[in-house]
Structures are given as structure tokens and as C-alpha cells.
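Undergrad: Chains as they are written, first to last, in full-length UniProt numbering: chain Y, 1 to 387; chain C, 1 to 387; chain V, 1 to 387; chain U, 1 to 387.
Treat the hints with care, since some could be wrong.
Claimed, not checked - Here are the simulated distance ranges between beta carbons:
#: 1; chain 1: Y; residue 1: D122; chain 2: C; residue 2: T156; range: 49 to 59 angstroms
#: 2; chain 1: U; residue 1: D147; chain 2: V; residue 2: D47; range: 47 to 57 angstroms
#: 3; chain 1: C; residue 1: R54; chain 2: V; residue 2: E349; range: 14 to 24 angstroms
#: 4; chain 1: C; residue 1: P172; chain 2: V; residue 2: S150; range: 34 to 44 angstroms
#: 5; chain 1: Y; residue 1: G381; chain 2: C; residue 2: R71; range: 50 to 60 angstroms
#: 6; chain 1: V; residue 1: W178; chain 2: C; residue 2: R71; range: 45 to 55 angstroms
#: 7; chain 1: Y; residue 1: D59; chain 2: C; residue 2: T156; range: 46 to 56 angstroms
#: 8; chain 1: C; residue 1: T156; chain 2: Y; residue 2: T156; range: 36 to 46 angstroms
#: 9; chain 1: C; residue 1: A46; chain 2: V; residue 2: P4; range: 22 to 32 angstroms
#: 10; chain 1: U; residue 1: G354; chain 2: Y; residue 2: E173; range: 37 to 47 angstroms
#: 11; chain 1: Y; residue 1: D122; chain 2: V; residue 2: P305; range: 36 to 46 angstroms
Everything labelled a hint here was simulated from the structure, so no lab data went into it. Don't be surprised by glycine CBs; every beta carbon is placed ideally from N, CA and C.
Protein chains: 4
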Amino acid sequence: MTIPLRVAMIGHGFMGAAHSVGWRQAPAAFDLPLAPSMAVLVGRDADKTAAAARRWGWDETSTDWRAVIARDDIDVVDIVTPGDSHAEIAIAALAAGKHVLCEKPLANSVEEAEAMEQAAQDAAAHGIRAMVGFTYRRVPAVTLMRDMISAGRIGTIRQVRASYRQDWLADPESPMTWRLDKNRAGSGALGDIGAHIVDMTQFVTGHALTEVSGVMETLVEERPVLDEAVGLGGTAGTERGAVTVDDVALFTGRLESGTLATFEATRFATGRKNALDIEISGDAGALHWNLEDMNALEFYDATRPAGEQGFTRILVTEPEHPYLSGWWPTGHMLGYEHGFSHQVKDLTEAIAAGADPQPTFADGLRVQRVLDAVERSAHSGSAWTGV
Amino acid sequence: MTIPLRVAMIGHGFMGAAHSVGWRQAPAAFDLPLAPSMAVLVGRDADKTAAAARRWGWDETSTDWRAVIARDDIDVVDIVTPGDSHAEIAIAALAAGKHVLCEKPLANSVEEAEAMEQAAQDAAAHGIRAMVGFTYRRVPAVTLMRDMISAGRIGTIRQVRASYRQDWLADPESPMTWRLDKNRAGSGALGDIGAHIVDMTQFVTGHALTEVSGVMETLVEERPVLDEAVGLGGTAGTERGAVTVDDVALFTGRLESGTLATFEATRFATGRKNALDIEISGDAGALHWNLEDMNALEFYDATRPAGEQGFTRILVTEPEHPYLSGWWPTGHMLGYEHGFSHQVKDLTEAIAAGADPQPTFADGLRVQRVLDAVERSAHSGSAWTGV
Amino acid sequence: MTIPLRVAMIGHGFMGAAHSVGWRQAPAAFDLPLAPSMAVLVGRDADKTAAAARRWGWDETSTDWRAVIARDDIDVVDIVTPGDSHAEIAIAALAAGKHVLCEKPLANSVEEAEAMEQAAQDAAAHGIRAMVGFTYRRVPAVTLMRDMISAGRIGTIRQVRASYRQDWLADPESPMTWRLDKNRAGSGALGDIGAHIVDMTQFVTGHALTEVSGVMETLVEERPVLDEAVGLGGTAGTERGAVTVDDVALFTGRLESGTLATFEATRFATGRKNALDIEISGDAGALHWNLEDMNALEFYDATRPAGEQGFTRILVTEPEHPYLSGWWPTGHMLGYEHGFSHQVKDLTEAIAAGADPQPTFADGLRVQRVLDAVERSAHSGSAWTGV
Amino acid sequence: MTIPLRVAMIGHGFMGAAHSVGWRQAPAAFDLPLAPSMAVLVGRDADKTAAAARRWGWDETSTDWRAVIARDDIDVVDIVTPGDSHAEIAIAALAAGKHVLCEKPLANSVEEAEAMEQAAQDAAAHGIRAMVGFTYRRVPAVTLMRDMISAGRIGTIRQVRASYRQDWLADPESPMTWRLDKNRAGSGALGDIGAHIVDMTQFVTGHALTEVSGVMETLVEERPVLDEAVGLGGTAGTERGAVTVDDVALFTGRLESGTLATFEATRFATGRKNALDIEISGDAGALHWNLEDMNALEFYDATRPAGEQGFTRILVTEPEHPYLSGWWPTGHMLGYEHGFSHQVKDLTEAIAAGADPQPTFADGLRVQRVLDAVERSAHSGSAWTGV
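The shape of chain Y in the complex, shown without the other chains:
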């Protein structure tokens, strides 16, 4: 752990806090081949950036991301800004020879994502790595789900059912944020949470989605504007801003294997706080996982004796389970942010090994294309639309 890996992180919102935990915790939990250091935090507002750096443990700060990626003493650029700036920063950082970790979704449009994926390919030729941050892949139960599927434990996949339901917009007086502005966020429930279930489906099944049929809807079209959101379509006080993204996205997809899959992304599921739920049904069994019970994986083994079959609730906290070597004894729960440490582990190991970290920018582009196809289908009366 003696070769240093100097990281600059651009952005310091909620995702910046989460990524910081990853950089801080991973070296204490795992035997990493490189020693990450939290070198520079970059933000637009010098004071806020300094406060965040102090709290999270970044050594330096900057307000000029271009200057930072030009520095020789930075090895990794970690991008946690809103989606509209991902492409510009990532492409520049890769061109400057920095490994890039980019928070999901990869970009706000397919065009941007394609340019990023091309940049990643070009950089790979020079040993530079690019990774997109679908961290839910790294919840141990989700990795285990993927492993069991690829080991054939549920046989041939017959159906996929995935949903991600939250309720933070159910209150019509919940205020505007950049996440409700199409210019900043690209899309709403679809891109923010729908992207997770698209990526997870493609990850655990190993199959890409090839066509979709969907509908998107904005249930509350105007919301109050708070001071901090001025500029998002209104002014503070009694003004209301226009919600320009979807609150709900419902779609059906077909995997390259021919299998049908259903998807629901909504911010109006009253009482559901963070309910990412996925079930994969095969002809030899089924697997089910829910983020609100994130340490458990439910496995139905249709090859067990008749009369003893049922869903088995595997508590994914055993030494045999993915990523668990770094943590606590059996039965001690992991939480949301552990995925960010696992992300650092995987990225660090890939860099050291000269391999592409998963998920790649190509994976991110694949998700982007699905989201785009859903939007196109929604705009053409739910017609089936190729990805």
C-alpha cells in the first residue's frame, strides 16, 4: 500500500460526501494495492468547498477544475457534479491522462455519453481507466445475486421485475431542485433512479436490453422555489418553478435473450423511501433483493425437494460473501455507504492490474441508450422502440 494514488474530487454535494467515505474507509477495510490519498476537492464556491474539504478530510481545495486536472500530482479525477457537466470534465480529464470515476448517470444525453465512451476507449490505449459509479452493483447481496445467476443457480431467466420507488415528491409542496430541471438533470425519475434498475438488470442477468415500451408522466407540474433554487425557472418567495422532468416512468423491456422485463421508477410511492426492488425468475429458481433490506438476498431453489421449497433469506454478512472480508463478523449489518468503499477497492485494484474497472463507460452508455429509448417510446404512444 505504498504507491500513492492521488485523487481530486470535483463536486461536493450529497454524492461528494458519499464518495469521500469511500476514499477514507476503503484503505482501512481492505488491503489495497495502491494508497489513495484525498488530495484536492474542487468546487465553484471557495468557502463552501473549503468547509467541505475540512469536514471530509481533503488536503487542498480549488475552484478551477481545469487547473486541477492539469496538475502532474493528480492520478484520479472523481466527478460528482450534476449530469450536465460530466461529459466536459470527464473527456478533459481522460485527455489529461487521469483515471476517471464518474458518478451515474454517465451523461444527460446519448450524444454526450457516446463522446465519453469514445474518450474512454482512446484513453484505455494509454493505460488510463474510466469507471461509472453504479455503486448498487457493489452491495454484497447484489454482487452475490449476479454471481449466483452466472453460476446457473436459477437456470434460464424467464422474467425480470424491477422497480425503484421513493416518495419525496408525493407532497406537492416539496420544493424545486436541480433534479427537477431538465437542463441540469437530463430527466427525472427515469434518469435518477430508473437508471439504477436498468443497470442492475443488465448487470445481474448479463443481458442487454434491446427494445422498450414506456410511458412517463409529471404529476405535479409546478413547485415552490426556495432561495437556493433561484434560477431554476422562477424566483424565491411566492414564485413557483416548472418541473420539466418526469415524476414517474413505467416501462417494459426486452432483453437480448428475448426475456420480458418490467420497470417502474417513481417519486410518488407514498411511504416507500428508497425501495429499489428486483426479482429475477428462472426455470430453476428465483432471486429477490430489496434495498430497504439491503443485507439480505432471497433465493428460491426450485431444485430442492418438493415440500421444502421456499424463499431462503440469506443474510449476506458471511466471510464467503463478496466484499465481506473487509468488514465485521457474521450478522453485523452494512449500510448505504459501504458500496462507495467497494467502488474504491475495485477501481484501485483495476488500476494496479492494468485492467478496465467495471462498470465501464460503455456500460454507462448502454444505460443511457435505454433511457433514451424509453423517452422516445413515451413520446410515440408507448410504441416499442429499439435501444
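Based on the hints, put chains C, V and U in the right spot on chain Y.
TA: Chains C, V and U alone, transformed into the frame defined by chain Y:
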């Protein structure tokens, strides 16, 4: 309970057993205004009909349903045959002045259902009643869900999510039955189990579906033919018969209120035995129910103090709850067949009161029209299709 | 099913309703070797008895149980009165050559239970059968639990944990009933619900309890007296009656195998309606069951591969499962009263086969002795007390 | 956060890793009044200590705890060694004017704990603080449980039911560790996990236990000795060492309010990995929590309308909930180690405020006295024994 109500039941399959429990148990559980008697059981095979009658407690048997509905001493005709004979029998029985209880789905086509609904209207003018058997409406937790919604406990409805998942066809060697033959059953998962979630959605929300977009699929197209299934497209032994109905039906619908609703009906959800699941999200709360935990209703009350909100698991076994007066002390569970006793209670009370029992044939027709629209949408590339 | 079995039932409270369901439903659900008929209902109040008989379907009524057991045309006497009359009626009925089904607990004291057990032994010599009604043994999931334990599926038993928690006395204004009067009920939570977990433990493990250490407590010592409860230690209106039984009984026991077992019986577990919960831990696995989720049995198989272990929720509704042949397709739930049909099935088959039905009066006596030992231990400062 | 708080931690086992997370994460999550720094890690083996320090981020190491507590530049001594050394180190550190955080149980005997509590009192007079590490108090759901009880949300407490069940000794070939050696660990299941449920009961109810009746048992009396465990009563290889502590401890207690409470601590509950479960029943409601679902608190409110009562599953991830201000948006789960950050927060705030941090050494002594009374009761045939 001294005025008798003489019942003739036509058919004696699984549904005949269930309806018999209703006729047998309801008078012991509830103070009924009329005294049902199990007068005649009708079937095509005299021996099998006699054996069923002996076991279930029917006084007489017949192989001629036309003769039975012509008898003066029969008050109610209960139809539990496959869907292809519902229309003929029900229309004849109503014309003969008999009250009719017809198992769901009302018919195999919209045309039949329309004729039945017209016959019910004509009969109602003479005080003759017609009811369709969506018994899941009468699970106490489901009736309570409807009552709470109509009392405004979850406010304005924002989303509906309904699914009915089973796995009895997941095994490709599961044999042919009449339920997989389009001529007999009309449709597959859609009409058999999808019909339940369509009716339940319309029942608990009080809103009709106005348009749908859907896809249907047959995952296993040929199945082994057993002796008892000869005539269903093959001969016994090594022969295989063609499955001519859908195994999976996925659709999105819009209620007359404009609300989006998702539906999934499948017989390929490995490990899910009888998983009818419905969740209604409103701006003041949400309600969730699952048939595999049928005595519980989950209620999220968004008007409770912040920090104390959550889904409350109401065990629907209290004296205050619908239908519970007839049963056991608090905490003693009801099962699948109690709905059939509740059906008898409601039908008997409606006849005595000179009122239309719920659900009416018009309700059954409304479901049929939705199923038909789903089929039409599926055949036109999931285009949105009016009901 | 042509040989009749004529039944007289003595008592018509809540348990009378439940036993009536058993006599009415079992012949429709199962191929019984004898044909039970609901011949005579016996009660002290002629009008109430007649009303109950009419509702439940008993052919005749009587207010004189001695006269009824003297009749030649009665084959079975079913006793559902409070515990203080069990011994007298059962002993007389056995002496009169009637098979006896006696609701639990067998008696209010060990002395009575011993006399009953002796009477049952004497009667057995003449082909007369006696059975005590621990119906929870006959919930399919509980029978399956016993079967799996005796088949060695969880190995050697290491610990037992059983509780039965209700909350109907948590409200201090909940009124007096005969169940709170020691003269009528014998004991409180201990005998009413504690008896169930003692019997179930001995049933599923196959091991008898040999010694116990316990404590019993009455949390509310006086309760309001309602009109119908006059005579229970007070007069109606403002009067309060003395609760002379335990509200809570907590005890630890040792099985003949040496294994420790914990027991809790309480009527003060706020929010728990009928929470009979039992877990048996062995060195090769564990089994867990809860009455509020009565169709499921949870099985932990410690011989499964590391990383795939967990509790499997077996839905006990498959054709392979005990008693399920008589009921519905997979996934259709059974309720509280199905155990009473299973009881009739088992009793009828035992009588026809000339065998002793399970559980015997000896099993009932064994439970009574445990309850008595708990009371003695509680009165001697929780000292370990032999059964 | 500019005044530093220099910490020396003594010990570097599993608990050392967990405490290190707390020291590392708390300053990033919360606005602390003092700035903890991870100054010195102390262990007996210089190499192992250095490796641990490097991994966890401690600045220096030492093999001489006495030298470290004599240093002027150390403010806090954090003790995570086995229980047999707690007293000596803590008393010396307090005498040297260092604030002390001591992992639970406070000591291996009441005598030691009394001396420690006296030392804490003496130190408090000089502004020196002492805290014992019952971190489960600081799971947000547990703190919320305490808050709701003290706010009267469940009324008067009627019963307490607490258990802590694990299965890591269910396998008889699971090897010897210092935790199974009475000289090192003091006791087995009782002191290791039973201590948690005793403290939690006293914490959430606000009532101390005054007397107990219990039984303790060692189910497997000899276990294989691994190399690293040599010296624990055997030699490596084929040798087996004697287990000198309890595997199971079962006891009933009485709170100073008179309320009965049941406790079970076991390492033989096959399939239960870390099942700390507590339920408090009051006359106005109940609260239930289980460590294996640690982010949820179940609340039964008996004052809700009849027919709407049930256990509400509160997901304790809202901004209103204890400690949540430092973490993620609603619905994002916390894990095991977050309690250690909360511990650092509370200790730091107490030191800055000149107040005693909770739980105090007096709380730790109170637990020790209960454990001692359980042992004495177990040795006298479960006789009720004063604390």
C-alpha cells in the same frame, strides 16, 4: 332465517368445491335473512356429479342444466363451469327467473359479456338479481382497503400498482389443461388472474380503467397431454398440445381520474404461489395488501407526526372489521374460502333487500372490456387502446 | 363413508362454534372412513342451545348431558365446556361406552386429569377412544415441523423457545370472564395458552418436560363485572371482581433429553393478538413457526453450502404437505378453523382403525403435570420443580 | 472544530477496528466541538500494532500503555482490550487525568467494576470523564425507542422481553477463543451478549433491575485448540481446551417498577446470526426492535382508532431521527459501525460541555451487578437473587 333459498350449482371442479363451502358455512357464521339450501348439483357425468354431491352435501343431482333451471323449486343458479358456457347458462337462468351467481371472468368475450349484462338488466326489472364472483373483493382486508380509500384516508390517488404472480407453469413439463386452451378459457394469465387485479383496482379505487397499453406472451408453446386432457389439441402419452393462451400479460392502464396503474399477471414467477399484490399510493397515505399474507392490511398514514410514519400492519381480525362478526376472536386467521361465505352473505342479503348484489354483471363486463383492450393493444405493438 | 358416527357435543361457546365447523367441513374435505353426523347439541339453557343448534346445524338439542350420554344412538361425546366440568363428563361418557373428544386443557387439576387418563385406559380395553383437543398440532405447518424433526432434518435439538402472547387483558378495564376465575378456569394464561406451547413443544420434539422453574403474576387484580359475568366474584354495574388467575406465566423447562426450553404465556403483550411462536434449534438446522403467519414454516438447513444458508419460508400449501390433500391449490391459505376439520379426520380414522387417536388423555395429563409443576415452582420462589 | 482531542487506543482486535471507524468518521459526519485525532495505537506485539495503525490511520504506535497514559499530549484513552485488563488500565488512565472510553462489559467482576466506578467519580471531581461503550444504545432506532418511552408514547410499562441470539458455537467443532475462557472473558454468552440486553433494557425503560432468577449452561464443554489459541487450556493440534464459560444464559428479572422482564442470551440459536431483539409492552402501546433489521423501529399505538391499530414499521432514517443529521437522505440505511461514530460524537460533546457522557461507569457497574446476580442465582437453583 326461515324463508328458504334453494340453490342449484352447475359445475363441480375446484370452484364448485369452494362455492359449496360458501353455501355450507355462511348460514352457520352469519344471521342470514334467507336460508340457503344446497338443492341440486348439475354436471355432465352422472357418477362424478353424484360423488361430488355426496361429498359436498348437495341434496340432488342432475346432468341436465336446462331441466334444472326450468324447475319451480330452484331460486338461485350458481355457475362454476369454464368460461365458454357462462353466457348461455346465465342468460337462460335469468330468463327463467332465477337469481344468478356466475363465477369470474363473466365470459370469454366482450360480446358474450354484453349479452349477459343486458339479460341481467332485463331480469332486474322483474326483481331477479345477477352477481359475478370476484370473491377477493370480500377478503376482509380488501373490503377494508376500499372503505378506507372511500373515507379519504389516503387522499387523492396518485398511483396504482397491482400484480398477480404464480409459478405453476414455470416447469415446462407442467401438463396441458383447459385453462391453456383459448377456446375454453378465452385467455390465459390475463383472464384468469389478470381479471382479479383489474376488478380489484376498479373496486378499491372506485375508478374505471379507460385505456391500456400492454404486451402478452406465451413462454412455453407446447405442453404434454395427460389422459384427462385429451381433446385439448393432442392425444395422451408422448403427444404435446399447443398452448394457445398467454403465460404472461403486462400492461399499464389509465383510470378515469387520469391516474396511471401498472399490472402484471404471470404464471412464471418462480417461487410465487399465489401472490396477488396491490398498492394504492395517495397524497395522504398508501395502502398495501398481499394475498399470501391475506389477513393483514398495510396502511401508511402520511398525516401522522414526522418521525412516527411508517407502514402499519393492521391484522384484519377485529370485531370492527368487515365480515369479522361471523368468525373468531381477534388474531384468529381466516383463509382462502371465507370469501365464498361472504359472497353468499352478500348475495342473500341483496336478494332479501331487493337490491343489486355487488359486483354486478356490469362490473364483470367492465373487466371484460379491459381484458379485451389489453389483447388489442398487445396485438398492435402496445399502442394505447381505449377500453 | 356409509357407516355413521353420531356425535353429541356438550357446550356451545366459542369452542362449540369451532368444533361444529370441524364436524361440518371434514366430511366434505376428506374421504372419511365413517360418516359423522351432528346429532345432539347439549347446553344448560334450552333457548340458547336451540339457537346455536339451528345456526350450526345440529339435529337435536338437550339440556341433560347425562341423558344424552346414556342414549344408544350416540357414538361420540365432544366436550367443549369450561375445564371444571371436563372430568365428570368425560369419565361418565367413557364409562357409557362413548368415544370422547375433550377440549384442552384436559382438566383443571392433575388429580382430575389422572382420573380421566385412568378412565381412558379402562375404556381403551373395550375399544373406546379418548382424545384431547390440542388442535394447533394439526396446523399443517406444525405437523410438518414435527415430521421434519423426527426425520432428523435439524439434527440433535439444542434449544427450544416457545411463547404465546396476546393482549386482550392489556386494557385494565377489560371485563371479568370465567377465564379469569380460578374456580372455573383452573389457571389463567398458564392453562389457557401456556398449555398450547407446552403440548406443542412435547409434540414436535418428541421429548417430555421433566422439570421447570417459573414465575406467575397477576398484573390487574380487579376488573369490572358485566351482567353476564355476575357470580364471578361481584355484582354488575360499579362492582369489580377479583382476578384469581395469572395474567403472565414465565418459565424455563428441561426436556428429558436435557435440553433447556423457555416459555412465555402472557395476555399483556400489547399489539400481539395471537402470537404463538416456537423455534427449535438443532445442531443441523432450526425450525420456526408463528401462528400469526400460520401457513408458513421457516426452516434453516445448516447442511446447505456456506454462503447459501438462511431461513427458508416454506409455504405449507403444497399437495405434499400434511392435510393439504383436502383443500385448495398451492398458495391458497388455510385459517384457524381448519385444525378442527383435521381433528375430526384424525379421530374418525383412529376409531375406524381401532387405534388410539393422538393426542391421548395421557398427553393431556402430561401437559397438566407440567402446568402444575410451574405453579408449584412459582409458589416456591422459582425453585426447579420436578414434573 | 479547532481544539484537538488526542486519542490513544489500547487494543487492536475486532473492537479496535470498530472504534477506529468511529474516530475516523465522526468528524466528517458531525459538527464536533473538539477535533479528535488518532494519535497513538497501543498493543503488545509491535509488528501487529504497527500494521493495524497503518491500516486504520493511527499516527503512532506503542507497546507500553503505561508510558502512553503518562504522556501530556494524550487527552483520551480508549480501551478495547479483553475484559480482564479493563480495570487496571482505566483506573490508571483516570488517575493520570485522561478521559476514558472503555469497551463493555466494564469489567470481569463486580469488584473491579466498583473500583472503576469509584475512580470515575474521583476523576469527575477534576473534570475528567469516563464512559462505557454500550454502542447499541446509539443505534438511532434504539435511541428513538428510549425517547418515545420517556415521552409516554407506550404508557406504563407492563412487560419487557429481550433476547440476544447467535449461532457461532452451534457447531461443536468451532474452536476455542479467549471469549470461552473464564479467566479472560469473565463469562460467556451472559457477559458478552447478555450484557447488551441488560443495559438496553435499563436504558430504554429508565428502570434498573433489582432481582433476577436464572440458569446458565455450557452445551459443549471441550473445543479444538488452534495454534493462535494455545495457552487457553490446551495445546494445538489434536488437543481440546475446556470451555469454562456459559453458552446459554436464560433469566427473568424484575425492574424497580415491579415489572417482569425475560432475557435470553445464547450462542446456540442455529440460523440466528446477531439477533438482538427487544420488545417493551405498555398499557398505551408497544415498541419492538431487532438488530438484524436495525434501521426499523416497530411501534404499536394503542390509542389509535379501533380497526386501524397495528405495528407501524418506522424506518429510522428521517432528518427528525436521532443522529440522522450526519448521514444520508431518507431511506438510506446505516450499518453496524455507525454506533461508534455516534459514541465519539456523544463523548466529544460531553467533554466539551463539561458533562458526564452516557452511559457512565455507574451504568456499567449496574450491568455488572445484574450479571453477577444471574450467576449467583444460577448457582443456587434459580432462586431469586437481589442485584
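Undergrad: Which numbered conditions among the earlier hints are violated in the structure presented, ordered from lowest to highest?
TA: none
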